[in-house]
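Peer 1: Below are the chains, spelled out letter by letter.
Protein chains: 2
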Amino acid sequence: MSVEKLQRYREQMRTELDKVVDFWQKYSHDTQYGGFFTCIGKDGKIYDELKYVWLQGRQVWMYCRLYRTMERFNKPEILEAAKSGGAFLRRFARIPNSGSPWKCAFCLTRDGKALKVQRTIFSECFYVMAMDELARVTGDKDMQAEAAQMMDQLVHWVRVDPSGLGKPQLSGDTPVCSMAVPMMLLCLVQQLTEARSGEEVDKYREVGGWCVKQILQHLQVKNCRPTNMKQPGVCVCVSEPVWSVRWKPFALFGAISIGSIELSMTVFVQRGGTAILESVSSEGKELPGCEGRLQNPGHALEAGWFLLQYGLENGDQELQRTAVDKFMEIPFLTGWDKEHGGLLYFLDVDGYCPTQLEWSMKLWWPHCEALIAYLMAYSHTKEPALLDRFSQVYDYTFSHFSDAENGEWFGYLTQQGKVTLDFKGGPFKGFFHVPRCLYMCEKILDSILNKQET
Amino acid sequence: MSVEKLQRYREQMRTELDKVVDFWQKYSHDTQYGGFFTCIGKDGKIYDELKYVWLQGRQVWMYCRLYRTMERFNKPEILEAAKSGGAFLRRFARIPNSGSPWKCAFCLTRDGKALKVQRTIFSECFYVMAMDELARVTGDKDMQAEAAQMMDQLVHWVRVDPSGLGKPQLSGDTPVCSMAVPMMLLCLVQQLTEARSGEEVDKYREVGGWCVKQILQHLQVKNCRPTNMKQPGVCVCVSEPVWSVRWKPFALFGAISIGSIELSMTVFVQRGGTAILESVSSEGKELPGCEGRLQNPGHALEAGWFLLQYGLENGDQELQRTAVDKFMEIPFLTGWDKEHGGLLYFLDVDGYCPTQLEWSMKLWWPHCEALIAYLMAYSHTKEPALLDRFSQVYDYTFSHFSDAENGEWFGYLTQQGKVTLDFKGGPFKGFFHVPRCLYMCEKILDSILNKQET
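Chains A and B, in that order, give the protein sequences.
The first sequence begins at 18 in my numbering and counts up one residue at a time.
The second sequence begins at 18 in my numbering and counts up one residue at a time.
Don't read these hints as lab results, they were simulated from the structure.
Hints are not guaranteed to be accurate.
Since the list gives no way to pick out one identical chain from another, each pair is judged satisfied if it fits inside one copy or across any two copies.
Straight-line alpha carbon distances no greater than 30 Å define the calculated DSSO-like cross-link-like pairs of lysine-lysine that follow [claimed, not checked]: (1) 62 <-> 36; (2) 158 <-> 59; (3) 158 <-> 36; (4) 399 <-> 133; (5) 355 <-> 92; (6) 230 <-> 62; (7) 220 <-> 158; (8) 133 <-> 100; (9) 158 <-> 100; (10) 22 <-> 130; (11) 130 <-> 302; (12) 43 <-> 460; (13) 184 <-> 355; (14) 92 <-> 133; (15) 220 <-> 36; (16) 220 <-> 130; (17) 22 <-> 435; (18) 62 <-> 302; (19) 230 <-> 133; (20) 92 <-> 435; (21) 355 <-> 435; (22) 36 <-> 22; (23) 92 <-> 62; (24) 355 <-> 62; (25) 133 <-> 184; (26) 355 <-> 59; (27) 355 <-> 43.
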């Protein structure tokens with residue numbers, strides 16, 4: 018691909034990032050109570066004043082990251098907004114009398130009263146990200162210590178005892194490893210260790226290694242049932258490891274048509290093959306039923322670039338290869354909608370219909386993660402096919418999600434690519450996936466182009 | 018409408034009911050562990066063995082109701098299946114050591130181990146329905162007493178103290194009345210009082226009166242914001258009460274176009290108008306934000322026929338009128354998709370985009386409830402326009418949801434009417450809304466035609 022094309026991509030990423038930052042600066046700041054509105058309509062109008070803790074933490078983190086690492090965002094108003102969000106979180110996010118001093122709410126009223134609490138760790142994770150990045154910008158050691166203490170609590174909940182999260186223990190419970198948990202912890206490890214050293218960092222590195230192992234458990238040698246192979250592209254079966262055939266995908270990867278074998282047949286044809294499963298047992302075994310068969314291509318792609326980054330930082334070439342060849346390749350082969358374009362949200366590895374009502378919708382964030390993943394993989398491998406992947410995702414993403422009229426991106430399309438929820442911010446869409454994608458792609462393109470120029 | 022047309026409807030309901038009962042008899046019975054599979058693919062294949070307690074209870078109830086009140090289903094195999102489901106529920110549904118001897122799981126493994134528990138009352142409600150109806154069929158007094166005890170616990174959770182349900186009390190909590198709760202309790206009151214008398218029945222009647230009052234609180238005189246009137250059909254504003262203009266809906270009900278009034282304007286134009294809101298405060302006031310603006314047309318229609326039935330049983334003519342003119346008319350005017358047909362799943366009363374990803378999908382159950390509602394309303398008022406409504410919903414429903422090839426109904430369509438989840442049973446779709454609709458419509462048509470023949 019020509020340098021001009023890469024320069025055009027960089028220009029587009031840069032312009033779009035400026036527009037997205039403008040949008041959130043203009044509409045999301047709550048100057049009365051602090052923190053950020055996140056329920057923002059297509060034209061910037063606030064349609065709900067609730068404050069979601071995930072999104073408060075993410076916006077603080079993103080503002081700080083832009084302020085700290087991109088010169089054109091090193092502006093007092095960005096820092097002030099981040100500080101306002103940080104102060105709001107510190108004052109209101111944690112729930113008093115909840116059994117743990119670290120448990121955070123999921124959702125707050127505009128003035129900071131707790132409204133909902135989840136029995137998971139994610140509000141707390143984004144709290145850590147916000148506090149650590151804000152501490153890097155402000156030099157506030159107390160805040161950094163708070164992030165570290167919260168991280169210790171998170172590791173305890175995940176690796177030692179989850180009972181503090183409030184889920185009752187039930188007789189049918191089997192310990193499940195959801196990919197989101199080690200992914201999120203790995204992301205925090207990368208946040209907390211960046212450009213630091215010492216005992217604390219060694220402790221996090223051990224956690225990081227554990228996370229990588231956990232994530233890799235989701236990569237399964239999967240037995241594909243022939244009865245479900247009629248749904249093309251859903252189940253990938255190959256007779257060789259994926260990486261060796263990567264550049265001839267449609268020769269070997271396409272669905273294997275085997276006609277109409279009896280549905281009641283229970284003997285599975287065994288084949289070497291691969292899949293990234295969203296949930297596995299804590300020993301990495303497949304879980305029964307829908308839960309065990311669920312695939313989330315966007316999540317696999319996000320895990321892909323987390324693993325690639327970790328592999329690069331630690332000089333682990335095998336991990337780099339797995340990240341690219343499995344975590345980035347499989348979700349594309351299984352998740353890209355060949356008829357309408359775009360990445361499907363959920364899939365069942367055996368070709369059943371997922372039970373999630375939104376399974377066939379196209380959401381913005383898997384496309385953001387795909388753009389980062391393929392561009393990062395290309396910048397390290399220089400394999401042209403990865404840049405082609407990036408271009409394909411780019412074309413779909415910028416023509417479907419980006420709103421030229423009012424700025425920012427739509428988040429939710431039908432399978433056919435029509436906007437079906439038209440807001441720019443909502444309970445799960447804030448100032449995070451879009452700007453992080455644009456920011457990272459701009460940085461990666463900078464580095465590719467700088468190397469080519471020298 | 019001609020008698021022949023009504024006879025054709027009855028024939029269609031009867032044939033379809035037979036096919037649906039066949040489908041579940043053939044595929045859903047777990048002869049090994051008892052109870053019912055409910056995750057059933059389009060052609061009858063079990064794709065997950067989990068047993069959802071709502072759906073176990075509903076299937077027991079439906080089998081018993083058919084056995085008890087329709088001669089052609091008064092067959093030993095129907096009774097045996099119901100008993101098997103009842104025994105499974107009694108043995109496994111309740112969670113030991115959960116703080117209350119009555120708290121039920123939401124989801125069980127195939128062999129009855131608790132897997133998930135909701136912090137709501139619905140598993141318990143369907144347990145009551147199952148036990149009471151099964152007791153009516155078998156004459157088991159213990160079972161009937163168990164249903165009554167569980168009902169007492171439910172009323173306590175709803176009206177006295179919800180803390181036993183396990184939701185933590187948070188500082189931002191405001192007491193909310195979700196329409197589902199009084200609707201469900203009213204349904205249980207009707208179940209428990211049918212053809213009975215005595216002290217217990219008087220107690221339930223008081224609960225029933227309370228439920229009706231709670232449901233009526235969801236009927237709001239709503240201030241429509243002119244800024245949102247550009248989205249046609251979403252916000253209904255009229256200058257007269259709805260009932261008086263019911264038969265000329267498109268003359269008076271269409272969206273009032275007022276051009277592009279400034280979005281920032283905060284003075285609302287006051288208009289008399291109405292809306293059925295899904296959640297209100299416990300005093301019947303509107304709640305702030307998305308939650309307060311949410312409308313669920315299918316739920317309003319279901320509440321409509323519950324209220325009509327209650328009004329008829331109690332000779333309350335005003336309630337009958339409100340049921341038909343508000344709870345059945347408003348959801349149609351706001352919820353019917355004029356472009357693609359069918360009832361939308363969720364709407365925002367002020368015309369914002371709902372945040373539920375599935376808001377624009379067409380689900381089977383609102384259509385089932387609409388068919389019952391309009392036919393019941395017609396049979397009592399004889400107003401031809403109500404039969405027209407029934408016909409319109411009927412045409413959409415039978416041409417989109419019913420599967421002529423493999424039997425039973427699809428549950429989930431895109432806004433455009435395409436099947437997007439192709440299973441016949443899932444975590445929330447069991448042997449309930451479809452057969453209850455067909456059963457009730459057949460019964461109502463019987464009564465209309467019998468009267469016409471005499």
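Peer 1: Take the hints in turn and mark each one as holding or not.
Peer 2: Okay, the hints, checked on the actual structure:
1. 62 <-> 36: Answer is within: at 17 Å inside a copy they meet the 30 Å cutoff, but 50 Å across does not.
2. 158 <-> 59: For residue 158 and residue 59, neither the intra-copy (39 Å) nor the inter-copy (59 Å) Cα distance is at most 30 Å.
3. 158 <-> 36: Intra 33 Å, inter 70 Å, cutoff 30 Å: neither.
4. 399 <-> 133: neither (46 Å within a copy, 47 Å between copies)
5. 355 <-> 92: neither (44 Å within a copy, 50 Å between copies)
6. 230 <-> 62: Intra 44 Å, inter 35 Å, cutoff 30 Å: neither.
7. 220 <-> 158: Classified as within: same-chain Cα gap 19 Å, cross-chain 63 Å, threshold 30 Å.
8. 133 <-> 100: within (24 Å within a copy, 40 Å between copies)
9. 158 <-> 100: Only inside one copy: residue 158 and residue 100 sit 15 Å apart there, 66 Å across copies, limit 30 Å.
10. 22 <-> 130: neither (49 Å within a copy, 58 Å between copies)
11. 130 <-> 302: Between copies only: 20 Å across, 41 Å inside.
12. 43 <-> 460: within (25 Å within a copy, 59 Å between copies)
13. 184 <-> 355: Close neither inside one copy (40 Å) nor across copies (44 Å); limit 30 Å.
14. 92 <-> 133: Neither. Shortest intra-copy (34 Å) and inter-copy (49 Å) distances fail the 30 Å Cα cut-off.
15. 220 <-> 36: Result: close neither inside a copy nor across copies, 40 Å intra and 63 Å inter.
16. 220 <-> 130: Neither: 35 Å inside a copy, 38 Å across copies.
17. 22 <-> 435: Classified as within: same-chain Cα gap 28 Å, cross-chain 39 Å, threshold 30 Å.
18. 62 <-> 302: Classified as between: cross-chain Cα gap 24 Å, same-chain 47 Å, threshold 30 Å.
19. 230 <-> 133: Between. Shortest inter-copy distance 28 Å satisfies the 30 Å Cα cut-off; intra-copy 32 Å does not.
20. 92 <-> 435: neither (37 Å within a copy, 50 Å between copies)
21. 355 <-> 435: both (16 Å within a copy, 18 Å between copies)
22. 36 <-> 22: within (21 Å within a copy, 60 Å between copies)
23. 92 <-> 62: This pair counts as within: shortest intra-copy Cα distance 25 Å, inter-copy 60 Å.
24. 355 <-> 62: between (36 Å within a copy, 27 Å between copies)
25. 133 <-> 184: Classified as both; 15 Å inside a copy, 10 Å across copies.
26. 355 <-> 59: both (29 Å within a copy, 23 Å between copies)
27. 355 <-> 43: Answer is neither: 38 Å inside a copy and 36 Å across each miss the 30 Å cutoff.
Taken one by one, the earlier hints fail for this structure at numbers 2, 3, 4, 5, 6, 10, 13, 14, 15, 16, 20, 27, listed in ascending order.
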